[in-house]
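Each chain, letter by letter, is given below.
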Amino acid sequence: MTTEKNPVFELRNISKSYGSVQALSDVSFKAYAGEVIGLVGDNGAGKSSLIKTISGVHNADSGQLFVDGIERHWKSPHDSMEAGIETLYQDSGLAPDLTIGSNIFLGREKKRKGILGKLGFVDQKAMEQEALAELQKVGITVPASKRTVTQLSGGQRQAVAIGRAVLWAKHVIILDEPTNHLGARQSQEVLKVIEAAKEQGLCVLFISHTLPHVLQVTDRIIVLRLGRIVRDSPTSEYTVESLLGTITGLAEAQK
Amino acid sequence: MSTTTPTEPALEATQQSKASSWLRNLVSNQQFILLIVLALLITFFAERNSLFFRTQEFGNLISDFCGLALLAVAETYVISSGGIDLSVGSTVAFSGICGAYTVQYFMEHHMNQTGVLLLGTLACALTGGFVGSVNAFLITKVKLVPFVATLVTLSSGAGLALVFAKGGQEVGLDPGAVTFSAEGLGMFAWISIIVIVITLVLGLVLHNTRYGRYNFAIGSNDFAARAAGINVKRHVASVYVLSGVLAGLTGMFFYIKGGGGAATTGIGEELNAIAAVVIGGASLQGGVGRMSGTVLGAMILTVVVDGLIFINVAPTWNQVVVAAFIALAATLQTIRPQSRS
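Protein chains in written order, with our numbering: chain A, -3 to 251; chain B, 216 to 556.
Keep in mind that the hints were calculated from the coordinates and are not lab data.
Careful, some of the hints might be misleading.
Unchecked claim - Quick list of the computed label-pair ranges, beta carbon to beta carbon:
no.	chain 1	residue 1	chain 2	residue 2	range
1	A	PRO139	B	VAL412	21 to 29 Å
2	A	ARG104	B	LEU419	19 to 27 Å
3	B	ARG263	A	PRO139	46 to 54 Å
4	A	ALA122	B	ASN275	43 to 51 Å
5	B	LEU419	A	ALA122	48 to 56 Å
6	A	ASN55	B	VAL416	36 to 44 Å
7	B	TRP405	A	THR137	41 to 49 Å
8	B	SER348	A	SER238	17 to 25 Å
9	B	VAL412	A	SER72	33 to 41 Å
10	A	ILE66	B	VAL416	26 to 34 Å
11	A	ASN55	B	ALA254	52 to 60 Å
12	B	ALA254	A	ARG104	36 to 44 Å
What the hints assert, rightly or not - List of simulated lysine-lysine pairs, DSS-like, C-alpha gap at most 27 Å:
no.	chain 1	residue 1	chain 2	residue 2
13	B	LYS448	A	LYS71
14	B	LYS448	A	LYS107
15	A	LYS114	A	LYS142
Ideal Cβ positions, reconstructed from N, Cα and C, are used throughout, including at glycine.
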């Protein structure tokens, strides 16, 4: 039934190689608004290369990328952000010495009104207040946003980083291992934010090694192996065992 | 009645912890500690030698402070962006020499004093900006680490200054400049006022504008900054150019004070500038720093160096005392309960 709608995001025949290493071959898939897609695969399967292609860190050698039906080419990660794609990289999404508010608005600072704003002066107070309010909307409670990120716990940091992605994304958010290094309870909070993002109509690309988390929160799972998509099915068709077998290739070997 | 009593001690306890956390914040506030240190130092020197408290000496202090201030401001930007600029000291010498020759050339062509000094200032700023651009190129294009890149320009700048000055001579003498350096408002010379204004403006920019915000973001986590769409290379390049220009202006400051350019002016001063920034509470890893701390750091260094002369300690001890202050400030940072990780 979702296939009736237009995909919010689509990859067609994306290939990418680093020297003699073929990182991605002919990767194609469509993604829809309000859909949570799990992207899984072993180390070196091409997950990172794929994320970097989508977010504009580098370009594919060949293939096409569509956002909301329009073909796009990224010159920098900034381009993909402008087009409504937010990416949360593994462990490195925030500037730890800056306040929560400054991090939420990093690269999109609110300027002061009038001449000061024209001179580049930022409205710190408004940013702190708005950051706190917006984070609360997606179910994230953090202490006063005047705190720097170094003063937060690991779970809170991750929540702020995801919150930031959810706030700014218009179409897609890409989450690279968001539950890594987190305790069980903190991981569940992160998964809740993913569900909030889905309810807001965002498409979520969820990359994780923690298969139970993937099975819990996604609608569909794409399995990558050696740079190719080996399976793309609704989450209900997988179990932890079958998923693991597809990732390692053992499932096919047994056939 | 008895059910309400337990809340009172609890309330008291939170008030107490509020007061104690306020106290802890104050003690962990580097600027507050620096202010106390500065006051203690001035009291100490004035008590040992009452001449230290004269307006004339304060004038000297301000002037000496201003010789260091712009370099420390430059270093605050560079260090909080995660880099280091070792070349500012020799850029002072090199640009001072270029400024001196410019002044000499236009004096020989009978330009008036103001015009001559303005063109000299422009020459100094351009020379500094050029050195800064070389640093920016080496760091963002050749991808040398800032320490090595600016070590290259430190050596070449000092070397070029010697070559241009034909050895140890003073060049481009202008007695009019010395006269101008003494003019001003009370104990503030005009050149010092200019330096103070630049310092204030750049302090405001660092802590209140988007440019300053990017500076800290890049120093804190350059990957996150890039992911947030910040043009990290362009920003880093601009910071080194700014640093060079500020060093160039300091070259002109010393030229006006001394009335001539010498190849030894400012040599080694980068270490005092970095010391001021570290004493001021900045992290050499980047991301953390305050202009007010840097200014206090520079003031403390100036007071110590000048004060030691007043209490008849041989100037040869300067560096040892400065070193002690750096060690103290760095230790203080490790005690600060700032990071949880």
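A quick look at each hint next to the structure:
In this structure the hint that PRO139 (chain A) and VAL412 (chain B) lie 21 to 29 Å apart at CB is violated, the actual value being about 38 Å. Between ARG104 (chain A) and LEU419 (chain B) the Cβ separation comes to about 22 Å, which falls inside the hinted range of 19 to 27 Å. Between ARG263 (chain B) and PRO139 (chain A), the C-beta spacing of about 48 Å keeps the proposed range 46 to 54 Å intact. Judged by the Cβ atoms, the range 43 to 51 Å given for ALA122 (chain A) and ASN275 (chain B) holds: they are separated by roughly 45 Å.
For the pair LEU419 (chain B) and ALA122 (chain A), the supplied restraint of 48 to 56 Å is violated, since their beta-carbon distance comes to about 18 Å. Range check, ASN55 (chain A) to VAL416 (chain B): about 41 Å between beta-carbon atoms, so the 36 to 44 Å window is met. Checked against the given bound of 41 to 49 Å, the beta carbons of TRP405 (chain B) and THR137 (chain A), roughly 55 Å apart, lie outside it. Between SER348 (chain B) and SER238 (chain A) the beta carbon distance is about 59 Å. The supplied range of 17 to 25 Å is therefore violated.
Roughly 37 Å separates the CB atoms of VAL412 (chain B) and SER72 (chain A), a value that falls within the hinted 33 to 41 Å. Between ILE66 (chain A) and VAL416 (chain B), the C-beta spacing of about 44 Å breaks the proposed range 26 to 34 Å. At roughly 59 Å, the beta-carbon separation of ASN55 (chain A) and ALA254 (chain B) lies within the given 52 to 60 Å, and the hint holds. Taking the beta carbon of each, ALA254 (chain B) and ARG104 (chain A) are about 42 Å apart, inside 36 to 44 Å as hinted.
The straight-line distance between the Cα atoms of LYS448 (chain B) and LYS71 (chain A) is roughly 15 Å, inside the 27 Å bound, and the hint therefore holds. Annotation: proposed proximity of LYS448 (chain B) to LYS107 (chain A) holds, straight-line Cα distance about 23 Å (limit 27 Å). Using a Cα cut-off of 27 Å, the hinted pair LYS114 (chain A) and LYS142 (chain A) holds, with the two alpha carbons roughly 24 Å apart.
Checked against the numbered hints above, the structure violates hints 1, 5, 7, 8, 10; every other hint is satisfied.
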